[in-house]
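Colleague: Listed below, chain by chain, are the residues.
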Amino acid sequence: MADSIQMQVTRYAPAPGAVPTVANYDVPLRKDWSILDGLNFVKDHIDGSLSFRWSCRMGICGSCGMNVEGQPQLTCATFLSDYAPGPVRVEPLTNFPIVRDLVVDIDDFMEKLPRVKPWIIRDDDVTVIDGEYLQTPEELEEYKQFSNCINCMLCYAACPIYGLEPEFIGPAAIALAERYDLDTRDRGQRERLDVLIEKEGVWGCTFVGECTRVCPKHVDPAGAIQRYKLKAAQENVMAFLLPRAAR
Amino acid sequence: MSAPITYRQPVSRLWWLKKRTYLLFVLRELSSIFVAWFAVFLMIMVVAIGRGEASYQNFVNWAASPVVIMINVIALAFLILHTVTWFVLTPQAMVVRGPGSRLALTTKEVNVEGRWVSAATAVRVGGRLPAAAVIASQYAGLLVVSAFIAWLVLR
Amino acid sequence: MNEGAAAAHDVLLVGGGAAGLRAAIAIAETSPDLSVAVVSKVYPMRSHTVSAEGGAAGAIAADDTLDEHAYDTVSGSDWLCDQDAVEAFVQEAPRELLQLEHWGCPWSREPDGRIAVRAFGGMKNMRTWFAADKTGFHMLHSLFQTSLKYSDLTRYDEWFVTRLLVDDGRVHGVVAIELMTGRIDVITAKSVVLCNGGSGKVFPYTTNANICTGDGMALAYRAGAPLKDMEFVQYHPTGLPFTGILITEATRAEGGWLLNKDGYRYLQDYDLGKPEPTPVLRSMELGPRDRLSQAFVHEVEKGRTIESPYGPIVHLDLRHLGAKLIDTKLPMVRELCMKYERIDPVTELIPVRPVVHYMMGGVHTDINGATPIDGLFAAGETACVTINGANRLGSNSLPECLVFGARAGKAAAEYAVSAKPPSPAVLRQADDEVRRLEQMRSFDKGQERIADIREDMQSTMEDSAGIFRSGDSLAKGIDQLAELQQRLERVQLDDRTTAFNTELVAALELANMLDISETMLQSAIQREESRGAHQRTDFTTRDDTRFLNHALAYREPDGSVRIERLPVTITRWPPGERVYGR
Numbered sequence: 002m003a004d005s006i007q008m009q010v011t012r013y014a015p016a017p018g019a020v021p022t023v024a025n026y027d028v029p030l031r032k033d034w035s036i037l038d039g040l041n042f043v044k045d046h047i048d049g050s051l052s053f054r055w056s057c058r059m060g061i062c063g064s065c066g067m068n069v070e071g072q073p074q075l076t077c078a079t080f081l082s083d084y085a086p087g088p089v090r091v092e093p094l095t096n097f098p099i100v101r102d103l104v105v106d107i108d109d110f111m112e113k114l115p116r117v118k119p120w121i122i123r124d125d126d127v128t129v130i131d132g133e134y135l136q137t138p139e140e141l142e143e144y145k146q147f148s149n150c151i152n153c154m155l156c157y158a159a160c161p162i163y164g165l166e167p168e169f170i171g172p173a174a175i176a177l178a179e180r181y182d183l184d185t186r187d188r189g190q191r192e193r194l195d196v197l198i199e200k201e202g203v204w205g206c207t208f209v210g211e212c213t214r215v216c217p218k219h220v221d222p223a224g225a226i227q228r229y230k231l232k233a234a235q236e237n238v239m240a241f242l243l244p245r246a247a248r
Numbered sequence: 340m341s342a343p344i345t346y347r348q349p350v351s352r353l354w355w356l357k358k359r360t361y362l363l364f365v366l367r368e369l370s371s372i373f374v375a376w377f378a379v380f381l382m383i384m385v386v387a388i389g390r391g392e393a394s395y396q397n398f399v400n401w402a403a404s405p406v407v408i409m410i411n412v413i414a415l416a417f418l419i420l421h422t423v424t425w426f427v428l429t430p431q432a433m434v435v436r437g438p439g440s441r442l443a444l445t446t447k448e449v450n451v452e453g454r455w456v457s458a459a460t461a462v463r464v465g466g467r468l469p470a471a472a473v474i475a476s477q478y479a480g481l482l483v484v485s486a487f488i489a490w491l492v493l494r
Numbered sequence: 003m004n005e006g007a008a009a010a011h012d013v014l015l016v017g018g019g020a021a022g023l024r025a026a027i028a029i030a031e032t033s034p035d036l037s038v039a040v041v042s043k044v045y046p047m048r049s050h051t052v053s054a055e056g057g058a059a060g061a062i063a064a065d066d067t068l069d070e071h072a073y074d075t076v077s078g079s080d081w082l083c084d085q086d087a088v089e090a091f092v093q094e095a096p097r098e099l100l101q102l103e104h105w106g107c108p109w110s111r112e113p114d115g116r117i118a119v120r121a122f123g124g125m126k127n128m129r130t131w132f133a134a135d136k137t138g139f140h141m142l143h144s145l146f147q148t149s150l151k152y153s154d155l156t157r158y159d160e161w162f163v164t165r166l167l168v169d170d171g172r173v174h175g176v177v178a179i180e181l182m183t184g185r186i187d188v189i190t191a192k193s194v195v196l197c198n199g200g201s202g203k204v205f206p207y208t209t210n211a212n213i214c215t216g217d218g219m220a221l222a223y224r225a226g227a228p229l230k231d232m233e234f235v236q237y238h239p240t241g242l243p244f245t246g247i248l249i250t251e252a253t254r255a256e257g258g259w260l261l262n263k264d265g266y267r268y269l270q271d272y273d274l275g276k277p278e279p280t281p282v283l284r285s286m287e288l289g290p291r292d293r294l295s296q297a298f299v300h301e302v303e304k305g306r307t308i309e310s311p312y313g314p315i316v317h318l319d320l321r322h323l324g325a326k327l328i329d330t331k332l333p334m335v336r337e338l339c340m341k342y343e344r345i346d347p348v349t350e351l352i353p354v355r356p357v358v359h360y361m362m363g364g365v366h367t368d369i370n371g372a373t374p375i376d377g378l379f380a381a382g383e384t385a386c387v388t389i390n391g392a393n394r395l396g397s398n399s400l401p402e403c404l405v406f407g408a409r410a411g412k413a414a415a416e417y418a419v420s421a422k423p424p425s426p427a428v429l430r431q432a433d434d435e436v437r438r439l440e441q442m443r444s445f446d447k448g449q450e451r452i453a454d455i456r457e458d459m460q461s462t463m464e465d466s467a468g469i470f471r472s473g474d475s476l477a478k479g480i481d482q483l484a485e486l487q488q489r490l491e492r493v494q495l496d497d498r499t500t501a502f503n504t505e506l507v508a509a510l511e512l513a514n515m516l517d518i519s520e521t522m523l524q525s526a527i528q529r530e531e532s533r534g535a536h537q538r539t540d541f542t543t544r545d546d547t548r549f550l551n552h553a554l555a556y557r558e559p560d561g562s563v564r565i566e567r568l569p570v571t572i573t574r575w576p577p578g579e580r581v582y583g584r
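Residue numbers (our numbering), protein chains in the order written: chain A, 2 to 248; chain B, 340 to 494; chain C, 3 to 584.
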């Protein structure tokens, strides 16, 4: 293995009319180093002005999503040696406005998430004194996969619809809505339905499926969206055919 | 909070050329056009048959022309793509349950005469068939239907 | 550019992890008329709570009692905890965990649908609730998503608090940098709750994330509040060698073994019981973390550990658990091992060694999270109530965040209701702070790199205040830290941009860490005994006559540390011997 590898990193400082540029840095090529370790080497020893987000370095906090060689990745979970001999291009996540260097603005997602009401909705008076809601392991299994989303935004970076139509609520938000819909403790299906059957809801999705392919936690948001579409369509048909009947 | 200056990354019109999977997606979507073509082609054939021997012969001659053959070859390729991709996507898009599933009692909001009320209901949990089983069963179904039609046409 | 306060709130929560979000929800539910805000240097779902794996303890099993949970905690703390706080904690923990269940937390279940509990280190009964092996992740996301229900709750995401505004013994708000733009601003509040987590990054090998730099502790310390029990640093026995990534105690609770280079379960040599094929509560691998980490050091001294490129390690053996159990109960552990060590724990041994994990010490608070400064509260790892004393039991810290987050939130709300609005004098303090930060940002005669000072601090701390310390090592460390403080004043920042200047943040975090390190070493050198996680090679036994008390570290005007002592609160369990394995 060679000694070092070149990282080609996007740089950007906000100013009227400023555009991103690329800077090249040579970092040590160590077997155990992730892309993030490489970026930290640059920041610590070459150029302290390189800005990027990171925290847990173990793929659970979702901070360090960036484009590596054009693919959205968690940079803490991708290794320099995978790109040897290099060079390896590191860019900010696609489809998000760039704030600074590799840092993007995710406020759009933060605004969309509460819209799908990702919390347990029920209106009975069960309190903690009554104990836990019973939920068998199989019932837990029904939504568990969708509860593993770390909000890393790789799916939004991969989704061409989100790039072309930024009003699209997006994979992670819809997957979280489905997570609550499938949770047997929740009663909020119809409240979320109202939000998601809009054009910028599930019907904006054309099942490209790239979101599922890039998801580092195997959440399968594409699956969640299609299942939601099926459910929404069934609701519509039933409401049309049997408007006055309880099912 | 002040408004920051951010840089909006431009989305290229040729975004679908940037990844193999994007290209496959666009081709898959395009394949619907050729599915429609075959439906139309079949309808033309049925109408031609209905109008009698001469009309059918005209149809056959037309279908045998090089242009139509080329179109149909391309369309067949797209049809195969359409079938293969959608068969693979089916288990992801819907949950198909087998004998291992059971009913779990829960409550759900249902629409009764315009009002939403809580009603006891049952949902199926567990027993989800593996993707391979779902895909295989679709091919099995395709084989059975194709065999039947072949027998109908060739006997 | 400061033109007066950016905003004013009744209660301000600094930090958006389990403690901060729990406090926010508690206030939103009990006092919906109050204006509440959460300010965090990261988006809340990035808070370090997210990395917790193993579980959260709450006594709910039919054969479990609150007293037993309390006793396990008291003895686990080597009798340094405040027992009134522990009694309140064990009582409220099950309620809090149940509340979280109602808020959607996907706790793992028994086949009949009831909450499942598992064994954990130092606990006599199975009482640790868990959500697969991503308990902290699920708890944090459940709390965060629930907090979204309260549309009146304001959030300042990615605002870095640099200073508490305190006047006349009372807190009035904070000065913070809005990271996105670099604007420095004032947020006034009638009460403030510090929930900033721990400070593991003071050490070189830690399970902690990059953001764990003790900001809350430093803010309080500089404002005049004392830091308590700072000498007690928990080393988690099983972290991965290079990255320090946590391999949860649940691996041992499910039956994992710790083996030295001879494949021998070495813990049996350290008064932790006899090895059995299946886990025995409070014995062997389920002993308390301090004793297990100390055993490792002894094994190193005996030459019985394995040499790795990153220092001595031992092996965690999960092979006998089987793929099915590992995939159900420990799936993330398997993924982490495969990705970061390129080994599969189903068939191979995991290389592990003790790494810094948790700070038992923190901002001194009472049982309701109140600090000696009026209107200033603290909760979670930032605070030291203390229920953890000299050593924390695994799975106690997550419910601690919930119990004391709720308590501190409600206490802060109560204070805010009757408090007068902030005095205008604080705005002058704020101006001073803005000036200081702008000077830092534009300083261009520096000679030192942040990373160099930080690495030197980390190796100083590891050498002087590791699992075993001595008066000599601590004294040397104190001198080295003083030198590092000097070097920090000459630090060079490359980053001249105001927008998202993470280098400035790193320098401020380093300043926080240096201040906290000083309190850690001073507290340690003055505790001339060995207790729990504080082991002195020159004072090897526990000394209840002189040291059944806490060290309170105050900041003197010249920057030095003054230690006072505060007796431990004993209610029902007089000091006894910590016994494990027999």
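Keep in mind that the hints were calculated from the coordinates and are not lab data. There could be a bad hint or two in this list.
Stated by the list, open to error - BS3-like mimics (lysine-lysine), calculated; alpha carbons at most 30 Å apart, straight line:
id, chain 1, residue 1, chain 2, residue 2
1, C, K341, C, K276
2, C, K151, A, K200
3, C, K126, C, K341
4, A, K218, B, K358
5, A, K230, B, K357
Colleague: Are the hints correct? Go through all of them and say.
Modeller: These are the hints, each one checked on the structure:
1. K341(C) x K276(C): Violated - the C-alpha atoms of K276(C) and K341(C) are around 34 Å apart, more than 30 Å.
2. K151(C) x K200(A): holds, 24 Å
3. K126(C) x K341(C): violated, 34 Å
4. K218(A) x K358(B): Answer holds: K218(A) to K358(B) is near 21 Å, not above 30 Å.
5. K230(A) x K357(B): At roughly 28 Å apart (the allowed maximum being 30 Å), K357(B) and K230(A) satisfy the hint.
Checked against the numbered hints above, the structure violates hints 1 and 3; every other hint is satisfied.
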